[in-house]
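Visitor: For the record, the sequence lines run as chains A and B. Residue 17 is where the first sequence starts when you use the working numbering, and the numbers rise one by one after that. Residue 17 is where the second sequence starts when you use the working numbering, and the numbers rise one by one after that.
Calculated directly from the structure, the hints in this document are not laboratory data. Incorrect hints may have been included.
Interface residues of chain B toward chain A, partial, derived using beta-carbon atoms under 10 angstroms [what the hints assert, rightly or not]:
1. 41
2. 82
3. 91
4. 97
5. 107
6. 110
7. 112
8. 115
9. 126
10. 137
Note that CB positions come from ideal geometry on N, CA and C, so glycine has one too.
Number of protein chains: 2
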Amino acid sequence: MDWPLFIIFLAACGAAATTGAVFQPGDWYKRLDKPVWTPPDWLFPVAWTFLYLALAFAAARVATIPGAHYALAFWAMQIAFNTLWTPIFFGLRRLGPALVVLGGLWVAVVGLLWALWPLDALAFWITVPYLVWVSYAGALNASIWLRNRHAVPA
Amino acid sequence: MDWPLFIIFLAACGAAATTGAVFQPGDWYKRLDKPVWTPPDWLFPVAWTFLYLALAFAAARVATIPGAHYALAFWAMQIAFNTLWTPIFFGLRRLGPALVVLGGLWVAVVGLLWALWPLDALAFWITVPYLVWVSYAGALNASIWLRNRHAVPA
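So that you can see chain A by itself, here it is in the shape it has in the complex (with noise of 0.2 angstroms):
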């Protein structure tokens, strides 16, 4: 792997991951009335530390591959969305606008995938788990949002 590729893609990865540190969930989310699914809140840092180590991992493998231009350009797309959920959801408590960039999130993380698939099995699969969590953050992301539209925002 090529090490200073990572990093820069790593990098990209502490963008999106800075926005956790900066806008905390605190008391409102804590009110929030939430489904019995939600994940504890240890989970968080947790996942993301893994999904974003094999996201910096996954496109760092493939980049130098010729062919690897719709796997890259989606990965861009990916990390902007992701770095832009966070203070939507967070900074500015906005359920409904939040669920839209998830969707955008969504759609670049299965573009992503689709186009790792012919270009090396390893990026795939590592990269599947995000997807995962994805589409997880996504209901979790709509059910939060349609158990509090009516509440009264703090």
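Fit chain B to the given chain A structure using the hints.
Guide: The following block gives chain B in isolation, referenced to the frame of chain A:
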């Protein structure tokens, strides 16, 4: 040019542009002590519209060229840092941390230009205004931070 690629890269820019639309400067920004060389408000959306179109064009133009991996890695890094800056500056109003993010963005843009130079002259030159603008934005962020760092946060 590969139009689907252009659309994907433009969608990534759309995520960054959304931060500017949803985290509005407002009264807080108006009241900040700013240097005389602060651009008028109308210039920001005009400049960014050009810069995002140019960025998506440059990426789509070089993406299919063999050896474009560093350009696309730095492209992904710059769009993530770009998406992060506005929520930190206008959302959290943390001028110092925003300057750190802009430093990361600046490094990514220099890396992008370094990688574009041997690939394609047009992609390189159409990206140069982005470095000029980010450098200028960095100077502006630094100046506003120095002028207001002892003010009581609103």
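Visitor: Decide, hint by hint, whether the structure agrees.
Guide: Quick rundown of the hints versus the structure:
1. Below 10 angstroms, beta-carbon pairs count as interface contacts, and residue 41 of chain B has none with chain A, the closest being about 15 angstroms; its hint is therefore violated.
2. For the restraint placing residue 82 of chain B at the interface with chain A, the shortest Cβ-Cβ distance is roughly 6 angstroms, inside the 10 angstroms limit, so the hint holds.
3. With its C-beta approaching chain A no nearer than about 6 angstroms, residue 91 of chain B sits inside the 10 angstroms limit, and its interface hint holds.
4. Against a cut-off of 10 angstroms between C-beta atoms, the interface hint on residue 97 of chain B holds, since the closest Cβ of chain A lies about 5 angstroms away.
5. The interface hint given for residue 107 of chain B holds, since its Cβ lies 5 angstroms from the closest Cβ of chain A, which is under the 10 angstroms cut-off.
6. A hinted interface residue such as residue 110 of chain B counts as satisfied when its beta carbon comes closer than 10 angstroms to some beta carbon of chain A; here the least separation is about 8 angstroms, so the hint holds.
7. Proximity of residue 112 of chain B to chain A is violated relative to the hint, the smallest CB-CB distance being about 12 angstroms (cut-off 10 angstroms).
8. Because the closest C-beta pair between residue 115 of chain B and chain A is about 14 angstroms apart, greater than 10 angstroms, the hint is violated.
9. Nearest Cβ of chain A to the Cβ of residue 126 of chain B: about 12 angstroms, over the 10 angstroms cut. The hint is violated.
10. A least Cβ separation of about 19 angstroms between residue 137 of chain B and chain A goes past the 10 angstroms threshold, and the interface hint is therefore violated.
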